[in-house]
Amino acid sequence: DAKTTQPNSMESNEEEPVHLPCNHSTISGTDYIHWYRQLPSQGPEYVIHGLTSNVNNRMASLAIAEDRKSSTLILHRATLRDAAVYYCILSDFGNEKLTFGTGTRLTIIP
Amino acid sequence: EPEVTQTPSHQVTQMGQEVILRCVPISNHLYFYWYRQILGQKVEFLVSFYNNEISEKSEIFDDQFSVERPDGSNFTLKIRSTKLEDSAMYFCASGWLGTTEVTDTQYFGPGTRLTVL
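As you go down the protein sequences, you meet chains A and B in turn. Quick note on the numbering used here: the first sequence kicks off at 4 and runs consecutively. Quick note on the numbering used here: the second sequence kicks off at 1062 and runs consecutively.
This list has only true hints and no planted wrong ones.
Taking lysine-lysine and the DSSO-like style, the derived pairs with C-alpha atoms no more than 30 Å apart in a straight line are:
no.	chain 1	residue 1	chain 2	residue 2
1	B	Lys1139	B	Lys1118
2	A	Lys6	B	Lys1118
3	B	Lys1103	A	Lys72
4	B	Lys1118	B	Lys1103
5	B	Lys1118	B	Lys1144
6	A	Lys6	B	Lys1103
7	B	Lys1103	B	Lys1144
8	B	Lys1118	A	Lys72
Hints in this document: simulated from the structure, not taken from any laboratory. Just so we're clear, the structure is a prediction, and the values are computed from it rather than from any experiment.
Could you build the full structure based on these sequences and the hints that come with them?
Right under this line is the structure:
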């Protein structure tokens, strides 16, 4: 599985935008970029995914670099509920399993 | 909104005993998964299940583990003879890799905390 690199931790102020980076320099042409998050004492939760173009949904936006070697998850207005570990995961076409790394622990400061 | 449910939320067992962890996936999903997370460690893939058979399994998923979909709704993980190192959170997930999807989005349950004494 292609590897991703994320900062171990980040902090952000409540109601501010948050940009969570992910590097995936060995990404292959068929790898999708997925983001999941895990709130304290809960199961992982799907956030967003994309292939080449930027993506938006009700939870977040995903900005993908033109060369696809990095991506950024954008939370437009962080709330306390967004405090979680965020995982950037590459998944090949039709690949079933998700390979979780250590992710980025996001702390939201009130 | 549909969700994956798991029972029990916490299971305590003695080493060597058999345990069955239960999951009810989202009803129109076709793929089912088990993952585990030892305290303080990464979420690890155990097994995926599709069309009533194992699709992929990890090295962790040895002969002590089995999965079953005994009816149209439940999906179970059995550990035949538990070891201390099986203590972990076990997460069930389901996904729909239908004809219009080329990559799977997985929906996770809240987990079962297994404690082996």
